[in-house]
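Fit chain B to the given chain A structure using the hints.
Number of protein chains: 2
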Amino acid sequence: MKIKSALAYSHTLLQSVVQAGDVVVDATVGNGHDTEFLANLVGPSGRVYGFDVQQLAIDNTTARLKNSNLLSRVRLFHQGHEQIEQVLAKDVQIKGAMFNLGYLPGGDHQMITNGATTIKAIKACLTRLTPSGIIGIVLYYGHPGGLTEKNAVMKFANQLPQKQFTVLQYQFINQVNEPPILLAIQKR
Amino acid sequence: MKIKSALAYSHTLLQSVVQAGDVVVDATVGNGHDTEFLANLVGPSGRVYGFDVQQLAIDNTTARLKNSNLLSRVRLFHQGHEQIEQVLAKDVQIKGAMFNLGYLPGGDHQMITNGATTIKAIKACLTRLTPSGIIGIVLYYGHPGGLTEKNAVMKFANQLPQKQFTVLQYQFINQVNEPPILLAIQKR
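Residue numbers (our numbering), protein chains in the order written: chain A, 23 to 210; chain B, 23 to 210.
Looking at chain A on its own, in the form it has when it is part of the complex (with noise of 0.2 Å):
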């Protein structure tokens, strides 16, 4: 069996806490793949809540998820992960989060989550996930400005309490391409 990469291994993550009932985010749905595999772990009375900054994210998941007959599961907000503060009520307990941070594959590649917008975030998720829940953040970085927002991100993942979370750093360390880096959350 081949290692599992950063984006294999995050789901490997997610699907090892998040069970059928269960809600959880996607703070950044992009084409959909992930919000996909996560409406498939929450199953039918569970709920996934999406999150993207652009119209064509938006568009692109809603027909992923219509084709898979899975859109009940899941309502999508056109907003940038940074209002998960105000649109998830406080008393919302997340099982799980995913991230994928840097450009929309297939999308305009100028449009990039930022350092600051994606740790208000994550806070957010921070602050709802249950115990034993995860957070899973693959960080792509080879773009412009990609460098800064991954160095922002480890930044802040690094001084989180260890007493409240665990903090896994994997990553393929021989790659020329900057491979992405997961950062998976896990809340104590």
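Computed from the model, here is a short list of chain A residues facing chain B with C-beta under 8 Å:
| # | residue |
| --- | --- |
| 1 | L35 |
| 2 | F187 |
| 3 | N196 |
Keep in mind the hints are simulated off the structure, nothing from the lab. For each residue, glycine too, the CB sits at the ideal point set by N, CA and C.
Structure of chain B alone, referenced to chain A:
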């Protein structure tokens, strides 16, 4: 489920590739925990070659393997792992190897593995590794001299050609007591 420690995840990776009948190396048998784990993986028709420079480690491991009735699957060498190149014939094909770098728990904390001999041992294992085979290297580096070894091994692993090997780095990053880093090298 809790996110696995570096040591636990090294076992997960080895378990995903090592099958009954395979040949593997335990480059640092220590108190024999990994040796026993590997002996269970390779089964009665497989073979574990175990190395340790300390007599105490060989004695503890022998006792452990006798106790679990696994000694017949293991050949122990009271030699430093830099001798792997001499001890194992060139045509021995291995499916995996484990390195636990640092000092022997319960032994003399002054006796530590070091970068130059460790890298020599890793090279000997790499040349004998079969496709999809994995070398798991658990790097403890909180002790005096540990950081120097860590940096040397990381630098070596970083430069392995990506067409031949995939190198994964896996570690908890928000903990104060320098938890070990896992490097896993898979032959493509």
